[in-house]
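Chain order of the listed sequences is A and B.
Mapping of the first sequence onto the working numbering: residues 9 to 122, in sequence order.
Mapping of the second sequence onto the working numbering: residues 4 to 119, in sequence order.
Be aware that one or more of the hints could be misleading.
Stated by the list, open to error - Going by beta-carbon spacing under 10 Å, a handful of chain A positions derived as facing chain B:
#	residue
1	Y33
2	F43
3	L55
4	A101
As the list claims (entries may be wrong) - What follows is a set of in silico ranges between Cβ atoms, one per label pair, in the way DEER data are often shown:
#	chain 1	residue 1	chain 2	residue 2	range
5	B	F63	A	T68	33 to 43 Å
6	B	P11	A	S38	17 to 27 Å
7	B	T23	A	D89	39 to 49 Å
8	A	T28	B	E55	37 to 47 Å
9	B	S30	A	N70	26 to 36 Å
10	A	Q10	B	G87	15 to 25 Å
11	A	I54	B	G31	16 to 26 Å
12	A	M19	B	G87	39 to 49 Å
13	A	N70	B	L119	40 to 50 Å
14	B	G43	A	T28	37 to 47 Å
15	A	T13	B	G87	20 to 30 Å
16	B	T83	A	Q22	48 to 58 Å
Keep in mind the hints are simulated off the structure, nothing from the lab.
The beta-carbon is built from N, C-alpha and C at its ideal position, and this holds for glycine as well.
Chain by chain, the residues run as shown.
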Amino acid sequence: AQTVTQSQPEMSVQEAETVTLSCTYDTSESDYYLFWYKQPPSRQMILVIRQEAYKQQNATENRFSVNFQKAAKSFSLKISDSQLGDAAMYFCAYNRNAGNMLTFGGGTRLMVKP
Amino acid sequence: KAGVTQTPRYLIKTRGQQVTLSCSPISGHRSVSWYQQTPGQGLQFLFEYFSETQRNKGNFPGRFSGRQFSNSRSEMNVSTLELGDSALYLCASSLGLAGGLDNEQFFGPGTRLTVL
Numbered sequence: 009a010q011t012v013t014q015s016q017p018e019m020s021v022q023e024a025e026t027v028t029l030s031c032t033y034d035t036s037e038s039d040y041y042l043f044w045y046k047q048p049p050s051r052q053m054i055l056v057i058r059q060e061a062y063k064q065q066n067a068t069e070n071r072f073s074v075n076f077q078k079a080a081k082s083f084s085l086k087i088s089d090s091q092l093g094d095a096a097m098y099f100c101a102y103n104r105n106a107g108n109m110l111t112f113g114g115g116t117r118l119m120v121k122p
Numbered sequence: 004k005a006g007v008t009q010t011p012r013y014l015i016k017t018r019g020q021q022v023t024l025s026c027s028p029i030s031g032h033r034s035v036s037w038y039q040q041t042p043g044q045g046l047q048f049l050f051e052y053f054s055e056t057q058r059n060k061g062n063f064p065g066r067f068s069g070r071q072f073s074n075s076r077s078e079m080n081v082s083t084l085e086l087g088d089s090a091l092y093l094c095a096s097s098l099g100l101a102g103g104l105d106n107e108q109f110f111g112p113g114t115r116l117t118v119l
């Protein structure tokens, strides 16, 4: 079974600074997808960024980028120029490319200090 | 285009009762997945439906069941409620079943179930 681990329960960053959230996963599959979701206090899950395992190039979406290390099974999220609105729970998720089932990590609570 | 809607948003039940939660996917989406979110266990996959058929099921007891209708709306049912069933239940819809990047899942706001 696949597992996803987020080792940082909480992180804090100063507004306008950069922060990196860590995620590791375990799988024997070669074809899969990885995601970062944001869950603000409203509880609405929002997709932040996604990565195909077969692509070596790291995905970027505006201020959000990932560092995907397939051999190490690591998938970290970097948030640049942090904003107050970035404060939320962030979940790393894995999809085996067989259906839509997502396996989530335990989450990292990100606090942004003004 | 309207997003994923879930009803009711909040629900209070007592142990032993049963409950039905509803999820209406985005128009045109045929896949609906359900997740349970609790402080202790985090986000856990319950099941996935596509074209009225259950395609995947998570590791939950048989008290948890679901179905999907021809209009892609989905319901999940929990019978004989236990205190540990208190959770936020999220549903997500997507176009198809392929997984991956062209099949983004959109989440609803969730139903908060409290079991007393």
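The hints, checked one at a time:
The interface hint given for A:Y33 is violated, since its Cβ lies 14 Å from the closest Cβ of chain B, which is over the 10 Å cut-off. A hinted interface residue such as A:F43 counts as satisfied when its beta carbon comes closer than 10 Å to some beta carbon of chain B; here the least separation is about 9 Å, so the hint holds. The beta carbon of A:L55 is positioned within 10 Å of a beta carbon in chain B (closest approach about 6 Å), and the interface hint is therefore held. Proximity of A:A101 to chain B holds as hinted, the smallest CB-CB distance being about 8 Å (cut-off 10 Å).
Separation of B:F63 from A:T68 is about 37 Å and conforms to the stated range, judged on CB atoms against 33 to 43 Å. Here the CB-CB span from B:P11 to A:S38 is close to 42 Å, at odds with the stated 17 to 27 Å. At roughly 45 Å, the beta carbons of B:T23 and A:D89 sit within the given window of 39 to 49 Å. Between A:T28 and B:E55, the C-beta spacing of about 43 Å keeps the proposed range 37 to 47 Å intact.
Hint check: B:S30 to A:N70, Cβ distance near 28 Å, so the stated range 26 to 36 Å holds. About 24 Å separates the C-beta atoms of A:Q10 and B:G87, a value consistent with the hinted range of 15 to 25 Å. At roughly 20 Å, the beta carbons of A:I54 and B:G31 sit within the given window of 16 to 26 Å. One distance hint, 39 to 49 Å for the beta-carbon pair A:M19 and B:G87, is violated here, with the actual separation near 29 Å.
Range check, A:N70 to B:L119: Cβ separation about 44 Å, and the 40 to 50 Å hint holds. Take B:G43 and A:T28: their Cβ atoms lie about 27 Å apart, and the range 37 to 47 Å is violated. At about 23 Å, the beta-carbon gap between A:T13 and B:G87 stays in the expected band of 20 to 30 Å. Taken as a hint, the range 48 to 58 Å holds for the pair B:T83 and A:Q22, whose Cβ atoms sit roughly 49 Å apart.
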